[in-house]
Amino acid sequence: MDTAQGIISQAQVFELIDIIKKVHGFDFAGYTKASLKRRLIRIMLLNKFEFYDLKHVLINDAAFFQGFLEEITVNVTEMFRDPAFYKAVNTQVVPYLSTYQHAKIWSAGCSTGEEVYSMAILMKEAGLGKKSFIYGTDINTEVLREARKGIYSLRNIKSYAENYQYTGLKGSITDHFTILYDAASVHNELKQNTLFSVHNLISDNVFNEFQMISCRNVFIYFETFLQERILELFYKSLCPLGYLCLGSKETIRSDAFKTKFKVINQKENIYQKVGT
Amino acid sequence: MAPDKNLLERWQAAEILLFGGSAGSFKILFRIIKELPGAFGKTVILIIHRKKNFFSEIEKLFAENSRMYMREIEDKDILKKNTMYIAPANYHTLIEEGGYFSLDVSEAVWYSKPSIDVTFESAAEVYGDKCVAILLSGANQDGADGMLKIRKSGGLTIAQQPEDAEMPEMPRSAIKNGAAEYVLTQDEIFKLLLL
Chain A
1 MDTAQGIISQ
11 AQVFELIDII
21 KKVHGFDFAG
31 YTKASLKRRL
41 IRIMLLNKFE
51 FYDLKHVLIN
61 DAAFFQGFLE
71 EITVNVTEMF
81 RDPAFYKAVN
91 TQVVPYLSTY
101 QHAKIWSAGC
111 STGEEVYSMA
121 ILMKEAGLGK
131 KSFIYGTDIN
141 TEVLREARKG
151 IYSLRNIKSY
161 AENYQYTGLK
171 GSITDHFTIL
181 YDAASVHNEL
191 KQNTLFSVHN
201 LISDNVFNEF
211 QMISCRNVFI
221 YFETFLQERI
231 LELFYKSLCP
241 LGYLCLGSKE
251 TIRSDAFKTK
261 FKVINQKENI
271 YQKVGT
Chain B
1 MAPDKNLLER
11 WQAAEILLFG
21 GSAGSFKILF
31 RIIKELPGAF
41 GKTVILIIHR
51 KKNFFSEIEK
61 LFAENSRMYM
71 REIEDKDILK
81 KNTMYIAPAN
91 YHTLIEEGGY
101 FSLDVSEAVW
111 YSKPSIDVTF
121 ESAAEVYGDK
131 CVAILLSGAN
141 QDGADGMLKI
151 RKSGGLTIAQ
161 QPEDAEMPEM
171 PRSAIKNGAA
181 EYVLTQDEIF
191 KLLLL
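Residue numbers (our numbering), protein chains in the order written: chain A, 1 to 276; chain B, 1 to 195.
Next up, chain A with everything else stripped away, as it sits in the complex (with noise of 0.2 angstroms):
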């Protein structure tokens, strides 16, 4: 890495946040700037581009725009991830929505729809399918594509196995695919009850009402005020005593909100919207 490739200083970083929001909309002047900057290091390294490529594409080739935005944004997701986490949704949560005639589920930042499809098995799993809709939501379009097709590679879904058994959930996770040869498709039962729409958490504002919002690992890539605008956005979206779900390492740490969320799971993250 000692060549021009792959090298940018703070205030190049400035410079393309500034062209970004000019030429493409976006605005990532909130994101964490050690992580954006290895982000686009590895764009850089990947096309092998210095740093006046990079802005030359950025401004001038608009289809180079949504591979870029697919490469800046964090995709890696798994299914049940952090297992611990959907064990406690399922004793601590899922009676609540049960209580409901229908409940919605958003989740923010879904990416290539792991956790819908995840949440859909869990929401079977407790005899909801049919009572609970889960919309999945992401800034890029093409990730939203991947998600709504529900096909991942068979290698994947090996891995995911573990985390289905340490969640607790009976059976296997490939009760829940049709498998053929090398790739497994979600049950078409499941995604009948979710909903993968473009939305950005930063310049979009409520669409829906929520029994619960899950938004995991998306804050860590966000400067404490843009977590805090979203945390308003997610209040405002849930309905009363809703629950909000944040990464196993994401805490609510603004004041304001620590009065407007109760704290269900310390471990988990998992809290419930007081107040009104």
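Just to be clear, a hint being listed does not mean it is correct.
Lysine-lysine pairs mimicking PhoX-like chemistry, simulated, CA-CA at most 25 angstroms apart [as the list claims (entries may be wrong)]:
(1) A:Lys87 - B:Lys60
(2) A:Lys258 - B:Lys80
(3) A:Lys48 - B:Lys152
For the record, the hints were derived by calculation from the structure and aren't laboratory data.
Given chain A, work out where chain B should sit, using these hints.
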């Protein structure tokens, strides 16, 4: 190379002490967390390779035996003196301008998450010559590139002597790529730590 004047002076001036450890580093790390005094005077960061889904076993064991205040890093934690931080499993830990941690779930580096390279590199960018990095036993080459970056930024870099490590590959990689300014045995490392 035994400790010399240059080493001791730079050790004393350093504010952030980073350890990278993998296979075979548990014993020495356990001794380190038991022996470092509560008022150590520096920020200590541990990056240890381990498996996911084995919840908090190392973290708990270390926290119960540590004399320093110890915590598993959570997103946006501020780096404080006299605190020992352990990077959580299944995340990369980055250090941000302004002195706080941010986490990242992106692809594993050298099959590792946390990756030692990732944290060392961001420590080099933010703290440069205020860093000391010590790379311990391990069976892959994670940490060598990150440590080279710390060295180039003026930080003090130390590799455990490969013959003295249970798994020599990791410190050996750091010696091979020129990242290790000093190569010390376990005993020499302890002399320095408990100065």
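Compare the distance between the alpha carbons of Lys48 of chain A and Lys152 of chain B with 25 angstroms, and conclude whether the hinted pair is satisfied. Status holds; Cα separation ~24 angstroms.
Within a Cα-Cα threshold of 25 angstroms, do Lys87 of chain A and Lys60 of chain B meet the stated pairing? Holds, at roughly 21 angstroms.
If you draw a straight line from the CA of Lys258 of chain A to the CA of Lys80 of chain B, is it 25 angstroms or shorter? 23 angstroms, holds
No hint from the list above goes unmet by this structure.
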